[in-house]
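Trainee: Following the hints, position chain E against chain C.
Given next are the chains, with one letter for each unit.
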Amino acid sequence: MTSPARSPRRGPAAAAAPVAAPRASRLSVSGSVRDINDYYYAKGWTDGLPIIPPTQDLVLEMLEASPVTMKAEQVLGRLPPLNGTVTVEKVAVNSVMAGCKPDYFPVVLAAVKAVLQPQFNAGGITTTTGGAAPVLLVSGPIAQRLGINSGTAVFGSGHQANATIGRALRLTMRNLGGAVAETMEKSTHGWPGKYTMCFAENQPRCPWEPLHVALGYPAEASIVIVVAARGIHTMVESSQETGEGALETLVASMTAGGISGYYFQARGASPVVVLGPEHAAEIAASGYSRQDVVDYLFEHVRLPMGVIKNRGHYGARSWPAEYETAPDDFMVPLVADRSKFLVMVAGGDGRHSSWFPAWSATQRAVEVVEG
Amino acid sequence: MTVITDAFIRAAQNRARALGLTEHPVVVIKHPIASMNRDQVVQLARGSVEQVAQGLLAAAGGAGND
Numbered sequence: 005m006t007s008p009a010r011s012p013r014r015g016p017a018a019a020a021a022p023v024a025a026p027r028a029s030r031l032s033v034s035g036s037v038r039d040i041n042d043y044y045y046a047k048g049w050t051d052g053l054p055i056i057p058p059t060q061d062l063v064l065e066m067l068e069a070s071p072v073t074m075k076a077e078q079v080l081g082r083l084p085p086l087n088g089t090v091t092v093e094k095v096a097v098n099s100v101m102a103g104c105k106p107d108y109f110p111v112v113l114a115a116v117k118a119v120l121q122p123q124f125n126a127g128g129i130t131t132t133t134g135g136a137a138p139v140l141l142v143s144g145p146i147a148q149r150l151g152i153n154s155g156t157a158v159f160g161s162g163h164q165a166n167a168t169i170g171r172a173l174r175l176t177m178r179n180l181g182g183a184v185a186e187t188m189e190k191s192t193h194g195w196p197g198k199y200t201m202c203f204a205e206n207q208p209r210c211p212w213e214p215l216h217v218a219l220g221y222p223a224e225a226s227i228v229i230v231v232a233a234r235g236i237h238t239m240v241e242s243s244q245e246t247g248e249g250a251l252e253t254l255v256a257s258m259t260a261g262g263i264s265g266y267y268f269q270a271r272g273a274s275p276v277v278v279l280g281p282e283h284a285a286e287i288a289a290s291g292y293s294r295q296d297v298v299d300y301l302f303e304h305v306r307l308p309m310g311v312i313k314n315r316g317h318y319g320a321r322s323w324p325a326e327y328e329t330a331p332d333d334f335m336v337p338l339v340a341d342r343s344k345f346l347v348m349v350a351g352g353d354g355r356h357s358s359w360f361p362a363w364s365a366t367q368r369a370v371e372v373v374e375g
Numbered sequence: 257m258t259v260i261t262d263a264f265i266r267a268a269q270n271r272a273r274a275l276g277l278t279e280h281p282v283v284v285i286k287h288p289i290a291s292m293n294r295d296q297v298v299q300l301a302r303g304s305v306e307q308v309a310q311g312l313l314a315a316a317g318g319a320g321n322d
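Order-wise, the sequence lines are chains C and E. Each residue of the first sequence is one higher than the one before, counting from 5 in my numbering. Each residue of the second sequence is one higher than the one before, counting from 257 in my numbering.
Derived from the structure by calculation, the hints contain no laboratory data. The beta carbon of each residue, even a glycine, is placed where N, CA and C say it ideally should be. There's no promise every hint is true.
Distance windows between CB atoms, simulated [said to hold, decoys possible]: (1) Val-240/C - His-287/E: 31 to 41 Å; (2) Ala-263/E - Glu-252/C: 40 to 50 Å; (3) Arg-294/E - Tyr-45/C: 42 to 52 Å; (4) Val-284/E - Gly-310/C: 57 to 67 Å; (5) Gln-295/C - Arg-273/E: 39 to 49 Å; (6) Ser-322/C - Val-298/E: 16 to 26 Å; (7) Glu-248/C - Arg-273/E: 49 to 59 Å; (8) Pro-26/C - Val-308/E: 40 to 50 Å; (9) His-287/E - Ala-289/C: 49 to 59 Å; (10) Arg-294/E - Ala-325/C: 42 to 52 Å.
Below, in silico cross-link-like pairs of lysine-lysine (DSS-like), each with a Cα-Cα straight-line distance of 30 Å or less [as the list claims (entries may be wrong)]: (11) Lys-190/C - Lys-286/E; (12) Lys-47/C - Lys-105/C; (13) Lys-286/E - Lys-105/C.
Bound conformation, chain C alone:
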């Protein structure tokens, strides 16, 4: 921030006072918006795109949109790999920089809390050569309320909520966790999810119960699921006439060489399958529920041991012990536990679907968005 803070207009603190930390430091930077952006860039605080200078008024406005149980100085955790102290206020600063509207802030906070869950392994995601980036999946009524795109060009640009919520998380990971290329960030390639990747389920065109309900949350709740992915793999199936045909082609796209998940099953990472609405409708019309799709994927997304042995990440494999003595015709699943598959519906018209190959040393993390 650029000048002394005032206290936000907030209710009383929760009875059990959470851990608090000193308020964010204040900076005084003069010059044009371009000058301020140059300053932030030179300091290494941005992702290379312009930021909105986090002035005290804008940060305060963001803080006023935080859940009533949270105070600015509340510590949410320490973010690996450099273990910076994450406070509500510092997340607000990064959210302003990212261009978030204040209404988005509860979703950003939920995403940050999810990333702080130990099993997500934020430190590993930053430091791996495997190019992992967090993917934020939003399910629940808040998605529509905030205008989080779930339809046409769902992974693309042009929607403020998608672009800035995901970016706020990434800037938080950069500025508080140390996710900076060539210092801690060691991706061989990475992918644009390192800037931002946030979208919602296309509920109006989903033939099944909402994703958060399928995961056991109340219909009126909204959740953020964070997974770590190595990129996006798209597939087209516009020739087959049934849902089974779409599933068969989807499976074919998930059974290629060099997919690290086959070798790293022990940690329980979650591949995310995003069915386009037309494919989802065809699959549902063929009698499949969401769980049926998960079961189908678990049974069919497999490669013979003889094919994957001594290739890919075999030398560093981490999988169930019984695989070690399995014959070459043993069909190795992409995940050891079928519940790790996340199947959702998003996108616009067209007979396309996608899947996010999971980075492997991680588990998905879920947080309820607090009001």
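Mentor: Same frame as chain C, now just chain E:
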């Protein structure tokens, strides 16, 4: 005691500092090793074993302690 390849020196130093382990013993070997065959890895290990032993002894409280 940690063995790292030289591609990760800066990241390892930063991480050690974040954990308050600035004196943590590290042995640096040449990057990459994943493409080496078994004999090459054994040769690399033999060339580093003395440093690793010293690092372990230092971590245990100083060279010469039982």
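Trainee: Would you mind marking each hint as holding or not holding in the structure?
Mentor: Evaluation of the provided hints:
no. : hint                              : verdict
1   : Val-240/C - His-287/E: 31 to 41 Å : holds (39 Å)
2   : Ala-263/E - Glu-252/C: 40 to 50 Å : holds (41 Å)
3   : Arg-294/E - Tyr-45/C: 42 to 52 Å  : holds (46 Å)
4   : Val-284/E - Gly-310/C: 57 to 67 Å : violated (38 Å)
5   : Gln-295/C - Arg-273/E: 39 to 49 Å : holds (47 Å)
6   : Ser-322/C - Val-298/E: 16 to 26 Å : holds (23 Å)
7   : Glu-248/C - Arg-273/E: 49 to 59 Å : holds (55 Å)
8   : Pro-26/C - Val-308/E: 40 to 50 Å  : holds (41 Å)
9   : His-287/E - Ala-289/C: 49 to 59 Å : holds (52 Å)
10  : Arg-294/E - Ala-325/C: 42 to 52 Å : violated (22 Å)
11  : Lys-190/C - Lys-286/E             : holds (16 Å)
12  : Lys-47/C - Lys-105/C              : holds (24 Å)
13  : Lys-286/E - Lys-105/C             : violated (47 Å)
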